[in-house]
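Participant: Counting from 19, one number per residue, gives the positions in the sequence shown under the working numbering.
For the record, the hints were derived by calculation from the structure and aren't laboratory data. This list has only true hints and no planted wrong ones.
Here are the simulated lysine-lysine pairs, DSS-like style, with alpha carbons at most 25 Å apart:
id: 1; residue 1: 123; residue 2: 91
id: 2; residue 1: 123; residue 2: 100
id: 3; residue 1: 93; residue 2: 67
id: 4; residue 1: 93; residue 2: 123
id: 5; residue 1: 91; residue 2: 137
id: 6; residue 1: 100; residue 2: 124
id: 7; residue 1: 137; residue 2: 93
id: 8; residue 1: 93; residue 2: 124
id: 9; residue 1: 137; residue 2: 67
id: 10; residue 1: 137; residue 2: 100
id: 11; residue 1: 137; residue 2: 123
id: 12; residue 1: 124; residue 2: 137
Here are the computed distance ranges between Cβ atoms for each label pair:
id: 13; residue 1: 136; residue 2: 81; range: 31 to 39 Å
id: 14; residue 1: 47; residue 2: 124; range: 13 to 21 Å
id: 15; residue 1: 47; residue 2: 116; range: 31 to 39 Å
id: 16; residue 1: 43; residue 2: 94; range: 30 to 38 Å
id: 17; residue 1: 94; residue 2: 48; range: 27 to 35 Å
Heads up, the beta-carbon is just placed ideally off N, CA and C, and yes, glycines get one too.
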Amino acid sequence: MGMGRPRINTIVIDDDRDVRDLFVELLQMNDVNVVATGSNGREALELYKIHRPYLVFIDYLMPEYDGLYGAAKIKEFDPHAKIVLVSGSYFENGKLDNLVGAILKKPIEMVDVISTINKMV
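Put together the whole structure using the sequences plus the hints.
Facilitator: Shown next as structure tokens:
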């Protein structure tokens, strides 16, 4: 992906290990540095506090603490956090604007991920 920009540090939160591992691999192949992964919204907040990533990719539907919980808690901690919600569900445009910077639809298309990253950098 290069394009003269610095490497971006991210965390990836998804309760499905296979989906998470594949997504991490795709990000790394595109020169995105994944500093940590987690499996629920509570872990997302803990990992955000530790690593302070530039970007958070967080799944919407997860047991215990979902992506909206994680996004809300991260925003409470850092109102400037850049969060991308990853979801198979449909959300009305604008509904989550104050919480997330973008919504990526599952199945994840790498071209959409790269486009989203470029918009948020």
